[in-house]
Structure formats: structure tokens, C-alpha cells
Amino acid sequence: MKVGFIGLGLMGRPMALHLEKAGHELHLWARRTESLAPFAKVNAKTHASPAEVAAQAEVVIVMVADAPDVEAVCLGAEGLAAGGKPGLIVVDMSTINPNAARTIGQRLGEKGIEFVDAPVSGGETGAINAALTVMAGGKAAAFEKVKPLLEKMGKSVTLIGDSGAGQVAKACNQILTGVGVLAVAEAFNFAAKSGVDPAKVREALLGGFAYSKILENHGQRMLDRNFKPGFKAWMHQKDLRIVMEEAHRLGLMLPSAAATAQVFNAIVGSGMGENDSISALMLLEKMSTPE
Amino acid sequence: MQLGFIGCGAMGRPMAEHLLHAGHALSVWSRRPESAAALIAQGALWCASPAAVARRADIVCTNVTGSADVEGLAFGPQGLAQGLAPGSLHVDFSTIAPSAARRIAARYVATGVDFVDAPVSGGSGGAQSATLAIMWGGKSALATRLQPIFEVLGKTMVHVGEAGAGQVAKACNQMVMVAAIEAAAEAARLAVAAGVDFAKVRAAMLHGSAGSRVLDIFGGRMAARDFAPGVEARLHHKDYALLMDEATRLGAPLPVSAAVGQQLNALMAMGWGMHDTSSLLRVLEAGTGTDRA
Numbered sequence: 002m003k004v005g006f007i008g009l010g011l012m013g014r015p016m017a018l019h020l021e022k023a024g025h026e027l028h029l030w031a032r033r034t035e036s037l038a039p040f041a042k043v044n045a046k047t048h049a050s051p052a053e054v055a056a057q058a059e060v061v062i063v064m065v066a067d068a069p070d071v072e073a074v075c076l077g078a079e080g081l082a083a084g085g086k087p088g089l090i091v092v093d094m095s096t097i098n099p100n101a102a103r104t105i106g107q108r109l110g111e112k113g114i115e116f117v118d119a120p121v122s123g124g125e126t127g128a129i130n131a132a133l134t135v136m137a138g139g140k141a142a143a144f145e146k147v148k149p150l151l152e153k154m155g156k157s158v159t160l161i162g163d164s165g166a167g168q169v170a171k172a173c174n175q176i177l178t179g180v181g182v183l184a185v186a187e188a189f190n191f192a193a194k195s196g197v198d199p200a201k202v203r204e205a206l207l208g209g210f211a212y213s214k215i216l217e218n219h220g221q222r223m224l225d226r227n228f229k230p231g232f233k234a235w236m237h238q239k240d241l242r243i244v245m246e247e248a249h250r251l252g253l254m255l256p257s258a259a260a261t262a263q264v265f266n267a268i269v270g271s272g273m274g275e276n277d278s279i280s281a282l283m284l285l286e287k288m289s290t291p292e
Numbered sequence: 318m319q320l321g322f323i324g325c326g327a328m329g330r331p332m333a334e335h336l337l338h339a340g341h342a343l344s345v346w347s348r349r350p351e352s353a354a355a356l357i358a359q360g361a362l363w364c365a366s367p368a369a370v371a372r373r374a375d376i377v378c379t380n381v382t383g384s385a386d387v388e389g390l391a392f393g394p395q396g397l398a399q400g401l402a403p404g405s406l407h408v409d410f411s412t413i414a415p416s417a418a419r420r421i422a423a424r425y426v427a428t429g430v431d432f433v434d435a436p437v438s439g440g441s442g443g444a445q446s447a448t449l450a451i452m453w454g455g456k457s458a459l460a461t462r463l464q465p466i467f468e469v470l471g472k473t474m475v476h477v478g479e480a481g482a483g484q485v486a487k488a489c490n491q492m493v494m495v496a497a498i499e500a501a502a503e504a505a506r507l508a509v510a511a512g513v514d515f516a517k518v519r520a521a522m523l524h525g526s527a528g529s530r531v532l533d534i535f536g537g538r539m540a541a542r543d544f545a546p547g548v549e550a551r552l553h554h555k556d557y558a559l560l561m562d563e564a565t566r567l568g569a570p571l572p573v574s575a576a577v578g579q580q581l582n583a584l585m586a587m588g589w590g591m592h593d594t595s596s597l598l599r600v601l602e603a604g605t606g607t608d609r610a
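Chains as they are written, first to last, in our numbering: chain A, 2 to 292; chain B, 318 to 610.
These aren't lab readings, by the way, just hints derived from the structure by calculation. Where a beta carbon is used, it is the ideal one built from N, C-alpha and C, also for glycine. Treat the hints with caution; some may be incorrect.
Stated by the list, open to error - A short, non-exhaustive set of chain B residues, derived as facing chain A with CB atoms under 8 Å:
{"hint": "1", "residue": "A558"}
{"hint": "2", "residue": "L567"}
{"hint": "3", "residue": "M585"}
All chains, please: the whole structure from these sequences, using the hints.
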């Protein structure tokens with residue numbers, strides 16, 4: 002299949018390469034041309050604009066940072082809508098505001114272009130190992146057409162519901178992972194300040210009701226003091242901003258997510274935004290030690 | 318002075334009336350013409366568009382709801398920018414995002430128009446009694462031109478800093494004020510849950526270290542269970558989105574504000590957005606079920 006791919010960053014590059022390895026012909030455009038370098042020797046054609054990509058491809062995958070970027074790629078002057086023929090399917094795998102996703106889907110729909118929101122969980126490691134969790138929203142027919150592509154990048158691919166539903170699921174995912182990482186960091190700092198070995202606490206807790214993947218994986222990285230991303234703290238901050246914006250729009254009380262978002266503000270504000278989000282532990286340590 | 322005024326709501330109308338009664342010539346425009354009728358009856362001149370207001374005025378005041386409203390008035394079709402002559406002044410009393418105020422000021426530079434963000438605190442009561450607290454951002458040299466306008470509207474006026482600084486001060490004002498309303502509500506809830514009369518507790522606290530204007534006014538409304546606005550809670554809810562967004566942008570943790578913002582979200586969901594923000598008490602009561610004050 003001719004597959005367009007826009008957004009060749011930490012996540013997008015390995016994802017696009019999986020598709021190429023599976024025999025698909027890539028059509029690429031990048032804001033920074035150096036992002037195209039890893040594709041010089043594979044079956045990939047580069048283009049001057051998203052519109053040109055859309056004119057060539059049957060499916061275009063977008064993997065960029067935030068809603069304004071997705072909007073620009075889809076609906077900008079030289080955007081996908083300007084070049085795509087009716088029947089084109091655009092799959093946005095970025096994490097953006099659900100309401101923004103619905104609006105973009107609607108605008109593309111006016112041109113006969115299908116839109117599927119398909120954000121992912123699993124971070125860079127998941128992208129490299131083609132082990133992402135993909136949460137999709139959109140029409141079932143469009144989803145079925147792109148599902149084989151999504152399965153080349155992810156291990157678990159689920160249609161959650163209508164347009165925007167994938168982003169709602171991702172927002173839920175970010176509430177659980179954000180609050181979860183902070184809870185583990187709080188527990189470990191509590192143990193350490195009480196003179197108890199957090200490693201032993203983790204080991205004991207893994208067998209009980211407090212077991213979680215976050216306690217297991219993120220917890221281990223906290224014990225190893227390995228703060229390399231993984232998933233950067235500033236991205237988690239951004240995702241929680243999306244969650245809190247939606248909560249505000251809906252009039253929805255999310256007390257834990259709100260408190261957690263403030264901790265992420267502090268992480269980013271104190272210069273640890275480029276670290277993994279488990280840096281929540283370092284922040285708590287700093288705030289429980291005399292200056 | 319030739320003044321323009323746009324935005325004739327609960328705040329804007331009494332403010333415009335004060336300017337009119339102080340002897341200024343006032344040109345007005347409103348999205349809903351009927352909201353300007355009272356001002357016209359008192360001698361204000363109706364104009365067909367913001368641009369038309371701007372052409373007649375040296376200084377145009379606006380008092381509307383959100384960032385997008387102010388930007389639309391300034392730079393939309395038939396907007397103020399099309400009518401304001403170089404050297405004229407746009408004073409915005411609305412509460413909007415500091416970043417939006419900075420953006421508007423920057424866009425005006427090319428046309429030689431000065432922009433002042435001058436949000437106010439004091440509510441519609443303060444607007445009526447001309448006792449508003451005005452916090453403004455913009456070039457300090459504009460102070461002498463602003464003085465005759467500000468002094469008929471407010472009791473205090475503070476130049477906080479450059480463009481956007483007034484909005485930063487207003488965000489701080491809202492943060493401190495609504496957190497205090499929430500604290501008063503929690504005190505009321507605790508008192509009543511413990512079987513004690515909150516009106517007595519409030520009276521006892523009022524002249525001690527915990528005494529505050531919020532405890533006086535909003536605490537008074539809670540004690541009287543009078544939830545008529547005052548300040549409509551939906552407006553505080555709107556302001557919280559602005560300030561939490563700034564906190565995220567700046568990487569500044571605001572843990573208490575974040576918690577208060579969630580109580581406001583619950584208030585909105587329970588349908589009290591048009592009521593006074595003292596309804597935060599009812600959000601707490603909903604979490605208890607019994608023992609209403």
C-alpha cells in the first residue's frame with residue numbers, strides 16, 4: 002500500500018520503518034529535512050508538502066506533537082485536505098485534545114476524507130519494538146481498512162468508538178499513568194524517609210492488590226535511578242493539560258489528576274522536563290530535604 | 318473627552334454610565350443593540366460598528382468576556398483597528414489571558430495605537446459604586462491619560478507593569494479570592510457538620526486573624542444561604558482555565574488552585590454556574606448528604 006507518514010520524530014521514525022519493512026511504499030514530508038535522512042536507503046519517496054503526500058497515498062499517518070500541529074498538517078494551506086482525494090484515510094496517532102480531534106475529523110469529512118484518531122501508549126520502546134497499544138476512534142469501515150497497518154506498529158489495536166473516542170481513551174490512559182507514577186514515587190519516598198528500603202517495599206507489594214505495571218517497571222527504574230526517557234516529563238505535562246482542559250470544558254471534577262498535573266508543572270518548572278516522568282521522585286525528594 | 322465604550326453587561330453598563338455622568342462624550346456599540354438602550358437614553362451615541370466607535374473616539378474602552386471576544390473586537394471585520402487613529406488608545410477592562418493581552422498590544426504597534434489591559438476587581442457592586450480596584454498593564458507614560466477615566470470608575474488603580482501585567486495581577490487576584498471562598502465554604506461545612514452555627518463562627522472570626530473581605534461578603538452569603546450572584550461562578554470558572562493554563566505554560570505548580578479549580582468544575586456540573594461562587598458550599602454539602610446549614 003502507498004502510505005504517507007508525517008512526523009518522523011522519536012516515535013514516528015521507528016513506526017514508519019516498521020511499515021516499510023512490511024512492504025509498504027512510504028510517502029514522506031518533514032518540517033526539518035534532516036528527519037528524512039534515515040529513509041534515504043529504503044522504499045520511500047519524499048515530497049514538498051503534506052498536500053503532495055496526500056495526493057500520492059491511500060492512507061496518511063500523522064504523528065506530531067499537539068493539536069495545532071495536527072491542524073496545520075491536515076488543514077493548513079499546503080495541508081492534507083488540499084491534496085487528498087475523496088476516500089483518503091488520515092490516521093492521527095498524535096495525542097491531542099479529543100474535541101480538537103472531532104473538529105479536524107469533521108473538517109476533513111467535508112472533503113470526503115476519512116479521519117481516524119489513533120493515539121498510542123508505550124513510548125519510544127513500544128514504537129521500536131512494534132509493541133504499542135493503539136486506541137482508535139472513527140468509523141468502523143475506515144478503521145478496518147487501516148487496522149493491518151496499525152498492527153504492524155502495535156501489539157494491541159482497539160476501536161474504542163466514534164471520532165475522538167481514541168483520544169478520550171488516551172486521556173484516561175494518561176490520568177492512570179500520571180497519577181500512578183506519582184503514587185509510586187510518593188510511596189517510595191515515604192518508605193525511604195521512614196528508613197525503610199523502597200526496593201523491599203516494591204518487592205512485597207508486587208504480590209498484592211497494589212500490583213501494577215507502573216509499580217513493576219517505573220518502580221524499578223526509580224530504584225535504579227534511571228531517569229533517561231522513556232516518556233519525557235514535559236509530554237506527560239502536556240497530556241495532563243489536555244485532560245484538565247477537557248475536564249474544565251465538561252465541568253468534571255478530577256481532583257487527583259489536577260493535583261498530579263501540578264506536580265508535573267513543578268517537574269518541568271524546575272528544569273527536569275526532558276527527563277523521564279519518573280523524575281516525580283526527584284522532585285518529591287527535593288521537597289522533603291532541607292535546602 | 319471623546320470616549321468609546323463596548324460591552325454593556327453587568328460590569329460595563331454602570332462603568333459607561335459613570336463616564337457619561339462625568340461629562341465625557343460617549344460613543345457605543347454592542348453585539349445586542351438592546352443592551353445599549355439605557356446608555357443611549359442617557360445621551361450616549363449609537364454607532365454601527367466597533368470601527369465607527371473608534372473613528373469618533375480618542376480612547377475606546379471595552380469590557381467583554383473572553384480573549385477571543387477582545388481580539389475579534391480589535392482586529393475582526395469592522396474592528397477597532399480599522400477606525401483608531403495613530404496615537405489613540407484602547408483600554409480593555411475584560412479578564413483575559415495575559416498572553417492574549419500581550420498579543421493584542423503587539424498587533425496594535427504597527428498602527429501606532431496603544432493598548433492597555435486594565436482588568437478590575439470588585440464585581441458589579443464595585444462597578445455601580447465606582448469603587449473598583451483597577452490593575453493595569455501598558456506603557457507607564459499613559460498614566461496621565463488614563464487617570465481621568467480610571468478615577469471615575471475605581472477607588473484604586475495600580476500600574477503593574479508592561480502589557481499583560483494587569484492580567485497577571487488579575488489572575489493572582491482570582492486565585493487568592495476563590496481559594497478564600499473555598500476556605501470559607503469548608504469552614505462553614507465543618508462548623509455545621511460539628512453542629513455549630515456558622516453565622517456565629519463567622520462573626521467570631523471576622524475581626525481575628527482569619528478575618529477577610531471574602532469571609533465577610535461570601536461567608537455572609539453562605540450563612541444566609543443566599544446564592545444569588547454577586548459574581549456568577551461561571552466567570553470564576555472561566556478565569557481558572559486561564560490561570561491554570563498559564564501555570565502549565567510557565568511550569569509553576571499551583572496545588573491549591575488546582576484543587577479549587579476542581580471544586581469549580583463540580584459546581585458547574587451541578588448546574589450552579591449562574592449562581593454566586595458561594596455555591597462552593599453546596600458542592601461540599603453534596604459530598605456529605607446531610608446536615609445542611
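Outcome of the hint check:
The interface hint given for B:A558 is met, as the beta carbon of that residue sits about 5 Å from the closest beta carbon of chain A, less than 8 Å. Annotation: B:L567 was flagged as interfacial toward chain A, and the flag holds, the nearest CB pair being 7 Å apart, inside 8 Å. Interface restraint check for B:M585: the shortest CB-CB distance to chain A comes to about 3 Å, inside 8 Å, so the restraint holds.
Violated hints for the displayed structure: none, as all numbered hints are satisfied.
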